[in-house]
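Participant: Chain A is already provided as a structure; the job is to place chain B on it using the hints.
Chains as they are written, first to last, in the numbering used here: chain A, 1 to 724; chain B, 725 to 993.
Please note that a few of the clues may not be correct.
Using C-beta positions, here's what the derived DEER-type ranges look like [as the list claims (entries may be wrong)]:
1) B/Pro-796 x A/His-710: 30 to 40 Å
2) A/Gln-327 x B/Pro-826: 23 to 33 Å
3) B/Val-980 x A/His-710: 54 to 64 Å
4) B/Val-980 x A/Lys-343: 51 to 61 Å
5) A/Asp-550 x B/Val-980: 53 to 63 Å
6) A/Gln-327 x B/Val-980: 21 to 31 Å
7) A/Asp-554 x B/Glu-987: 53 to 63 Å
8) B/Asp-918 x A/Gly-283: 55 to 65 Å
9) B/Val-980 x A/Trp-77: 36 to 46 Å
10) A/Lys-191 x B/Glu-987: 27 to 37 Å
Rather than coming from a laboratory, the hints here were simulated on the basis of the structure.
For clarity, every value in this text was computed on a predicted model and none was experimentally measured.
By construction, the Cβ of each residue, glycine as well, lies at the ideal position given by its N, Cα and C atoms.
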Amino acid sequence: MRFRGVSCGADTLVRQLRSRVAGRSARATLVLLLLVVVLFPLPGHAYAGPGAGFAVLSSFWTLFVAFLYSLYALLTWPFRHVLRTLKRRKAYGKAQFKRAVILGFDGMDPELAERFMGEGKLPNLAKLQQQGTFRKLRTTFPAISPVAWSTFMTGVNPGKHNIYDFLARDLSNYLPFLSSAEIKGPKRHWKIGKYSIPVGKTNIKGMRKGTPFWHWLGKAGIFCSVIRVPVTFPPEKFPGVLLSGMCVPDLKGSQGTFCFCTTRASGDKFREGGVRIAMERDGGVCRSYIPGPEDPLAEGSGRELRVDFELRPDPERNQARMEVDSQKFTLKVGEYSEWIPLKFKAALGMGAHGICRFYLKQLSPEVEVYVTPVNIDPGRPDLPISHPVTYSIYLAKLFGPYATLGLAEDTWALNEEVLDDDAFLAQAYGNHEDRERMLFDALEKTQQGLCACVFDTTDRVQHMFWRYLDDDHPAARNVPRDQRPNIIQELYQRMDGLIGRVMQQIDDDTLLMVVSDHGFKSFARCVNLNAWLHQNGYLTLKDGKTESGDWFEDVDWSRTRAYTMGLNGLYLNVKGRERQGIVEPGAAEALKNELRTKLNGLADPASGKIGITGVFDCDAVYAGPYVDNAPDLIIGYGDGFRASWDSVMGKVTEKIFEDNLKAWSGDHCIDPRLVPGVLFCNRKIADEKPAIVDVAPTILKLFGLGLPAHFDGKAWTLAPVVGK
Amino acid sequence: MLFVPIRPLMADFLNRVLLDNPLAIVVVVSLVVGLLMVLLFGYTSNQKAIKVAKDQLKAHLLAVRLYQDQLPVVMRTYGRIVRGTGRYIRLAFMPLLYVIIPITLLIVQVDRYLGSMPMQPAQPFLVKVQTAPDTLNDLSLQLPAEMAISAPAVHVPADNEVVWRVVAEKAGTYNIDVAAGGQTFSKQVVVSPDVSRLSPTRLRDRFWERIFVSGEPALPDNSPIQAIAVTYLPRNINFAWLEWNWIVLFFVLSMVAGFVFKEVLGIEI
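Excised from the complex, chain A in its bound form (with noise of 0.2 Å):
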């Protein structure tokens, strides 16, 4: 079978050969034939066309340059041994173990962790217990997973590390910016006749500053490798390897645009994260395109490359027949294709590289295909996704191809019912395990020093089936409590059982660590603070408006004195800071306070409970060069309640509450008091309130490293291992 699950015509014509040739005599003959060779050699016998040459000829050069490489490694091994020697004595000399592993299960929740634990169902965590620690380790403000990882690697608040959020605000024009990483085309271009051709290479900045913990282990000596750690796009340079995590783009630029190909008449745009791809139906083909990246050679026209693909139903197989990009395969409805490989051409040869799945919805009445965001190719990647460039492609060539993307579990084709519970389960475990390919191959590779690898399952699974454990949800009124599934409960016991399968892997040197960035809560009413701000008389729409669309749209900034985007942040109009803005720098003080004193306590009128707990004042929570950046207040959501999907996007409504009917029904951006995070180790730890922050000062120290005086978080202290 040349696909797994796939078969083609030239799978066909093989089989029939093999049948036809493959036949006991037939093979008797041949070997037959094969021996009087051998017996009666002339010179060109000892080649047999051009594929046994190619064969002989790249396996002796894999050797002799495996053997290169192999010797080169051998000869200078004594001096880099002693090299490195001299440079980890300090950290060796001083370190309390061999190894360290960091398991990040995103998302993990303390409470739920307990809960399962007491039932019996979480064996390895409960070990992990009852041998070593488990804790709720306090998490950032706000409680969002880019802020609390960037604060996890490098031990610093956000005031220092300079991500608050997913999203940050331009102050010249109220646009949101993806907080972590900008990335620009190159500066010049060459216009030749209808081309302009790019000049020099794309631009890609890091935005989350401060160093990362392993950057200073890799200094001292002590290799690491980080896998799929949040914010580390663009990957910095170290000594070790690092494949980048949450906030890799996708081969738009996008934090993931899925495609959506229909052979319906019309339909809605998707609020956000897809788009809805026409399919035009040709006899017995249908015929469509996957939209890739802006032209290169066409700068600022926003014409888009695309991979244009056929697909030939079978009704009567309940499958596909499909050709994207020359490559023929067969899909069944209900299955994911592999990854297929993308070129979307530009002319002069230039174009770019990509990955995809397809997933064929159904066949009738209408055709529907879904296909993942287009992936960068971790096997020849068009942007760095790891450090160095060789890692991924090294991880694609052991493994096969795998989801290079930050957020690659679709959520938004879920929560716009493009795919269903089982679709995105699928998808979800897909990528999960290939992640634990990586990491059993990174504890194999790391024996002595750092490997630390996270998994987004359990923030992604959570978020959109938090709905069958909330007993009164409103996205899932309409399924009857005995049949709802134990999706959650049965991701903490894949993680669980992840777990047992890394204590088999380590030994008594090694550390082993469990954390999570957050906990999690249910997520049933959305909280539109816009409109707050608008009924309340801090925001004001232009003449004859009572809503606005995305990002301000209609909102009179001359009129306004503070604005929330993003999912916790709250900022005044500051003036001489925003573009338009009018509070004065002098009474922003009294506006805070004001504002603070409003909405702690906000209450939902329908249930009456508590919709916002808590609001945090930036100069009280934050510290650091970088606080400027930050969002003037930061609010807390109350148990049940989170920034509803339109204020989060910059736009007025006139409910202030309201249900959330999504998919996406558990979150964890509230007020970071109720969703403290995870912390299980295989040793006692004695601190009782242990906080992110804490465990990249705890890693170096446990390496023998000293701390860098801007550290914010402490060391705990480990109890001391009797013989040790």
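Facilitator: Below, chain B alone, put in the same frame as chain A:
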């Protein structure tokens, strides 16, 4: 009708450029073989497994570089490279079973044209006859009128062999006869400036050897003569300022062609 006047020109062009040009023959054969073998390889091999095996080999090579400071990792990886190479060779050589027969027969046939050069007029050459010991002194060589013996026969009893030195006056395809024990056995000799099909030896029995080295019918089973050989000179082909044996050149050119075609056809080798 339109092409009637140019047909002779085309034939002449083909003769001169292709058929009488050993280099052109090797190039054409290499291109055709490169294409066919790549196609055959694609259809008879497990493409998926070959891709995986090659990718894993590349991964192990990268691992040696990535983890070069960790000697145990380098050593383990080298072991995997050796195992992976074995696996790759095994996968790549499965199609060999399908291609080795046609390729071998093709090489044998082409070798008859390109492996040796025909004799030239006035160029002496040797005729060697291997016979049974009791007929060693009973052999005689009968030549056509255009040929002559240029030196007395030399008997080599240790090899049961008699050798004559012969020279041809002009080009042509001749039969020389060897008489022994009252019978006569002929052997073809080609004297020509062009590329010709040559059979360096005529054999008795030795079926497999005849297939590979002889282009003539077998000598009768009751013949006292075991072999009649003519010492054609090996042919060298000038290409890229070097003299090549045609098989070596074929090896290189068909590899290049195969490399190009595999890229075009998207076949993993």
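Participant: Does each hint fit the structure? Answer for all of them.
Facilitator: Hint check:
Taken as a hint, the range 30 to 40 Å holds for the pair B/Pro-796 and A/His-710, whose Cβ atoms sit roughly 37 Å apart. With their beta carbons about 30 Å apart, A/Gln-327 and B/Pro-826 fall inside the hinted range of 23 to 33 Å. Take B/Val-980 and A/His-710: their Cβ atoms lie about 60 Å apart, and the range 54 to 64 Å holds. Roughly 24 Å separates the CB atoms of B/Val-980 and A/Lys-343, a value that falls outside the hinted 51 to 61 Å.
In this structure the hint that A/Asp-550 and B/Val-980 lie 53 to 63 Å apart at CB holds, the actual value being about 57 Å. Under the hint 21 to 31 Å, the C-beta atoms of A/Gln-327 and B/Val-980, about 26 Å apart, fit the expected range. Judged by the Cβ atoms, the range 53 to 63 Å given for A/Asp-554 and B/Glu-987 holds: they are separated by roughly 56 Å. Between B/Asp-918 and A/Gly-283 the beta carbon distance is about 57 Å. The supplied range of 55 to 65 Å therefore holds.
Separated by about 39 Å at the C-beta atoms, B/Val-980 and A/Trp-77 satisfy the suggested range of 36 to 46 Å. Distance hint check for A/Lys-191 and B/Glu-987: the Cβ-Cβ separation is about 33 Å, which falls inside the suggested range of 27 to 37 Å.
Consistency with the previously given hints fails for number 4 only.
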